[in-house]
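> Using the sequences plus the hints, can you model the full thing?
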Amino acid sequence: MASLIYEGAGTSPGQEGGPISEFAMRSEPFPLKEPLAPAHLIADQGDIPAARSVSASVVERVYRHRLPVRISHWLNVPILIILIMSGLQIFNAHPALYWDDRSDREHPFISIRPMKTESGEMRGITTILGYKFDTTGVLGYSDGKRRAFPAWATIPSAKVLAMGRQWHLFFAWALVINGLFFMTYAWLSRHVTRDLAPTGKDLRGIGQAVKDHVVLRHPKGEEAKRYNVLQKLAYVVILFMVAPLIVLTGLTMSPTIDTAFPWLLTLFGGRQAARTVHFIACFTFVGFIVIHVLEVILTGFFNNIRSMVTGWFVVKHEAGR
Amino acid sequence: MIPHERAMERRQFLKGTLGAASLVALAGCDNLSQTSWFPSILSKAEKLTERVQRAVTPANALAKEYGEADISKVFPANGNTDPGTEEYAEHVAKNYSEWTVDVVGMVQTPISWSLAALKELPSRTQITRHDCVEGWSAIGKWTGVPLGELLRQVEPLPNAKYAVFHCADVDEDGIPYYESMALADCYHPQTILAYELNDTPLDIPHGAPIRLRFEQQLGYKQAKYVMMIELVETLSGIAGGKGGYWEDDQGYEWYAGI
Chain L
1 MASLIYEGAG
11 TSPGQEGGPI
21 SEFAMRSEPF
31 PLKEPLAPAH
41 LIADQGDIPA
51 ARSVSASVVE
61 RVYRHRLPVR
71 ISHWLNVPIL
81 IILIMSGLQI
91 FNAHPALYWD
101 DRSDREHPFI
111 SIRPMKTESG
121 EMRGITTILG
131 YKFDTTGVLG
141 YSDGKRRAFP
151 AWATIPSAKV
161 LAMGRQWHLF
171 FAWALVINGL
181 FFMTYAWLSR
191 HVTRDLAPTG
201 KDLRGIGQAV
211 KDHVVLRHPK
221 GEEAKRYNVL
231 QKLAYVVILF
241 MVAPLIVLTG
251 LTMSPTIDTA
261 FPWLLTLFGG
271 RQAARTVHFI
281 ACFTFVGFIV
291 IHVLEVILTG
301 FFNNIRSMVT
311 GWFVVKHEAG
321 R
Chain X
322 MIPHERAMER
332 RQFLKGTLGA
342 ASLVALAGCD
352 NLSQTSWFPS
362 ILSKAEKLTE
372 RVQRAVTPAN
382 ALAKEYGEAD
392 ISKVFPANGN
402 TDPGTEEYAE
412 HVAKNYSEWT
422 VDVVGMVQTP
432 ISWSLAALKE
442 LPSRTQITRH
452 DCVEGWSAIG
462 KWTGVPLGEL
472 LRQVEPLPNA
482 KYAVFHCADV
492 DEDGIPYYES
502 MALADCYHPQ
512 TILAYELNDT
522 PLDIPHGAPI
532 RLRFEQQLGY
542 KQAKYVMMIE
552 LVETLSGIAG
562 GKGGYWEDDQ
572 GYEWYAGI
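The listed protein sequences derive, respectively, from chains L and X.
Quick note: the first sequence uses the numbering used here, first residue 1, plus one each step.
Quick note: the second sequence uses the numbering used here, first residue 322, plus one each step.
Hints listed in this document are in silico derivations from the structure and should not be mistaken for laboratory results.
Since the structure is predicted, the reported quantities are computational estimates derived from the model, not experimental observations.
Cβ coordinates follow ideal geometry from the N, Cα and C atoms, glycine included.
Errors might be hidden in some of the hints.
[What the hints assert, rightly or not] Stretches of chain L that chain X covers, calculated by requiring three or more beta carbons in the stretch to come under 8 Å of a beta carbon on chain X:
1. 64–70
2. 161–171
3. 225–234
4. 265–274
[Claimed, not checked] Distance condition first, Cα-Cα at most 20 Å in a straight line; then the derived EDC-like pairs of lysine to aspartate or glutamate:
5. X/Lys415 to X/Glu517
6. X/Lys385 to L/Asp100
7. X/Lys563 to X/Glu517
8. L/Lys159 to X/Glu455
9. L/Lys159 to X/Asp570
10. L/Lys145 to X/Asp351
11. X/Lys365 to X/Asp570
12. L/Lys159 to X/Asp351
13. L/Lys116 to L/Asp100
14. L/Lys132 to L/Glu121
15. L/Lys225 to L/Asp212
16. X/Lys394 to L/Asp104
17. X/Lys394 to X/Asp506
18. L/Lys159 to L/Asp143
19. L/Lys145 to X/Glu455
20. L/Lys145 to L/Glu118
21. X/Lys394 to L/Glu106
22. X/Lys336 to L/Glu295
23. L/Lys220 to L/Glu318
24. L/Lys201 to L/Asp212
25. X/Lys385 to L/Glu121
26. X/Lys440 to X/Glu554
27. X/Lys394 to L/Asp100
28. L/Lys159 to X/Asp569
29. X/Lys482 to X/Glu517
30. X/Lys482 to X/Asp524
31. L/Lys116 to L/Glu106
[As the list claims (entries may be wrong)] From the derived model, a few chain X residues whose C-beta atoms are all more than 10 Å from chain L:
32. Thr378
33. Val425
34. Ala481
35. Lys482
36. Asn519
37. Ile525
38. Glu551
39. Val553
40. Glu574
Next comes the structure, spelled out in structure tokens:
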């Protein structure tokens, strides 16, 4: 249940009374009072003298994330970090990607290799579709070592393929189990249909949403209670496209799974193509995580973290209007 | 405190916390990797993988077989590319005429096959994909005798659970290469003792004169230079006890289905 905290005496919650659903995103629309003025007061600014009642704002606490979502979310943090970093360790064992079933070493799609210049100097060279880029220091050659991804990006930091595989294959199961747990919950609780699926209205507003995001103008007040359309699309794409893709392409690299389900090879265009798609999906995750964390910081770090830890999210409304 | 000061303090706190946390976490992962207990927890995943993969894979389902046009122009050879021992050099000099594959251990009748005898048995040719643990794949055309054929002749005892492949190659410390697989997998129609790659007798880098093809698993399971196949009930008494050279030495998975 949501509770309302009134900041400043004398103002009445007026139309904002009444129960609010557990899921903020599903709550009944408030009587429109747009445009909402930007809130100038920080969320947890304790007591305010009664004298300020004229401009006081109403702080509403909404229960935004239910426990299973919060558990699943935080489990994903170490799981994804470990999977990405141990995956880069595995990549380092053969730092080239191909399409098709075979590794045609003369024509990789991408390769990251140490190469000696004519003067005998070691450089890290990243080759994409035949175009060479000098990436010394990060890719190909870093800290005096011939390695595709640098030590700080891999688990373990030293070059140990066997241990990287052990980490990766253990946490791959953790991702799958956590993913199945979340998916089951999200469908049964209708989290997917209520909160994640963009509505027609959402999609029609996508142009404005893009413009707002570009200038870092984020939804406030009532609009902040539900996921905005870009957020919904990002979650839907990651949860229902990229995550299954990364699991399926991972499985396609297994010779036993290919024996059991040969159509996986057809679907991805071969085992090496599946490895390449796995890599691209990984960096889609990296991109998502970077933007996700950035948005968490930009839209009120402590409020966001609190809502993912305790479930409670604070929304500010200008009162007395 | 005025709001922007507070925001700055928060930012500082955030930066410091994240930086410190990531350093501690990375060092932690490295330390955990070096303990004995943590990797043993990680390796539980191998058992789960084996159980699930065996459950979803029909016993005689075939690995994809490719066409002639798909064969890799270069089939890289990995691991030991020449046993380098005097004994092996003698075999090479005699064109493997005295090479035998002995099937021993928990069997009714141990049998020793010469290379010529193996080639007289029914053969199977398959164009399959070889997946190295490093990540690359190569496609080759293998001809050899189905291992199940040999096993039917030696008649394994009921308690035999694994086939151990003893090889002619040794590492720089003199430790011989060996591998093992579940006896049940030995009867898979594509599991063969290969003596030809791409229509020519195996060369030394690819395991001459005999190597295993076990198409459901990774490259390091495909033992080269096979001299003896020993049927056992448990792998614990053999070398490091983990069922293979790379398993003992590096901690690679014994069940290399993925």
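> All the hints need checking, so say for each whether the structure fits it.
Hints, one by one, checked against the model:
Counting residues of the region 64–70 of chain L whose beta-carbon sits less than 8 Å from any beta-carbon of chain X gives 0, not enough to reach three: the coverage restraint is violated. Counting residues of the region 161–171 of chain L whose C-beta lies closer than 8 Å to any C-beta of chain X gives 8; at least three are required, and the coverage claim holds. Restraint check on the region 225–234 of chain L versus chain X: 0 residues with Cβ-Cβ distances below 8 Å, three needed, restraint violated. Coverage of the region 265–274 of chain L by chain X holds [criterion: at least 3 residues with CB-CB distance below 8 Å; count 3].
At most 20 Å may separate the alpha-carbon atoms for a hinted pair to count; X/Lys415 and X/Glu517 meet this at roughly 18 Å. Note on X/Lys385 and L/Asp100: the hinted pairing holds, with a Cα-Cα distance of about 14 Å set against a maximum of 20 Å. Restraint check: the Cα-Cα separation between X/Lys563 and X/Glu517 comes to about 29 Å, which exceeds 20 Å; the hinted pair is violated. In summary, the hint linking L/Lys159 to X/Glu455 is supported, as the alpha carbons are separated by about 12 Å, within the 20 Å threshold.
As the CA atoms of L/Lys159 and X/Asp570 are separated by approximately 15 Å, the hinted pair is consistent with the 20 Å bound. A distance of roughly 18 Å separates the Cα atoms of L/Lys145 and X/Asp351; the hinted pair therefore holds under the 20 Å criterion. With a C-alpha separation of about 18 Å, the suggested pairing of X/Lys365 with X/Asp570 holds against the 20 Å cut-off. A threshold of 20 Å between alpha carbons decides the hint, and for L/Lys159 with X/Asp351 the separation of about 11 Å falls inside it, so the pair holds.
Distance check on the hinted pair: L/Lys116 and L/Asp100 sit about 29 Å apart at the alpha-carbon level, beyond 20 Å; violated. A C-alpha spacing of about 16 Å is found between L/Lys132 and L/Glu121, which places the hinted pair at or below 20 Å, so the restraint holds. Between the alpha carbons of L/Lys225 and L/Asp212 the distance comes to roughly 17 Å, so the proposed pair stays at or under 20 Å and holds. For the given pair, X/Lys394 sits about 8 Å from L/Asp104 by alpha-carbon distance, which is consistent with the 20 Å threshold.
For the hint linking X/Lys394 to X/Asp506, the alpha-carbon distance of about 29 Å lies beyond 20 Å, and the restraint is violated. Distance hint between L/Lys159 and L/Asp143 is fulfilled; the C-alpha atoms sit about 13 Å from each other, no more than 20 Å. This hinted pair checks out: L/Lys145 and X/Glu455 have alpha carbons roughly 19 Å apart, not beyond 20 Å. The hinted pair formed by L/Lys145 and L/Glu118 meets the criterion: a straight-line CA distance of about 19 Å does not exceed 20 Å.
For a cut-off of 20 Å, the pair hint linking X/Lys394 to L/Glu106 stands: about 11 Å separates their Cα positions. With a C-alpha separation of about 16 Å, the suggested pairing of X/Lys336 with L/Glu295 holds against the 20 Å cut-off. With a CA separation close to 10 Å, the supplied pair L/Lys220 and L/Glu318 stays within the 20 Å bound. Pair hint L/Lys201 plus L/Asp212 holds up; C-alpha atoms about 16 Å apart against a cutoff of 20 Å.
Restraint check for X/Lys385 and L/Glu121: not satisfied, since their Cα atoms lie roughly 44 Å apart, outside the 20 Å limit. A threshold of 20 Å between alpha carbons decides the hint, and for X/Lys440 with X/Glu554 the separation of about 29 Å lies outside it, so the pair is violated. Restraint check for X/Lys394 and L/Asp100: the C-alpha separation of about 14 Å stays at or below 20 Å, so the hint holds. For the hint linking L/Lys159 to X/Asp569, the alpha-carbon distance of about 18 Å falls within 20 Å, and the restraint holds.
For the given pair, X/Lys482 sits about 28 Å from X/Glu517 by alpha-carbon distance, which is inconsistent with the 20 Å threshold. For the proposed pair X/Lys482 and X/Asp524, the alpha carbon gap of about 31 Å is over 20 Å, so the pair is violated. With a C-alpha separation of about 18 Å, the suggested pair L/Lys116 and L/Glu106 falls inside the 20 Å cut-off, and the hint holds. With a least CB separation of 4 Å from chain L, X/Thr378 falls inside the 10 Å interface cut-off, contrary to its annotation.
For X/Val425, the condition that its CB be more than 10 Å from all CB atoms of chain L holds, with the nearest at approximately 28 Å. Look at X/Ala481: its CB is around 22 Å from the nearest CB on chain L, clear of 10 Å, so calling it non-interface holds up. Distance check for X/Lys482 against chain L: the nearest CB is about 19 Å away, which clears 10 Å, and the non-interface claim stands. No Cβ of chain L approaches the Cβ of X/Asn519 within 10 Å, the least distance being about 14 Å, so the stated non-interface status holds.
Listed as outside the interface, X/Ile525 is consistent with that label: its C-beta sits roughly 21 Å from the nearest C-beta of chain L, beyond the 10 Å cut-off. X/Glu551, annotated as away from the interface, keeps every beta carbon of chain L farther than 10 Å; the closest lies near 24 Å. With a least beta-carbon separation of about 23 Å from chain L, X/Val553 lies farther than 10 Å from that chain, consistent with its non-interface assignment. Consistency note on X/Glu574: stated as away from chain L, yet its beta-carbon is not over 10 Å from all of that chain's, at 7 Å minimum.
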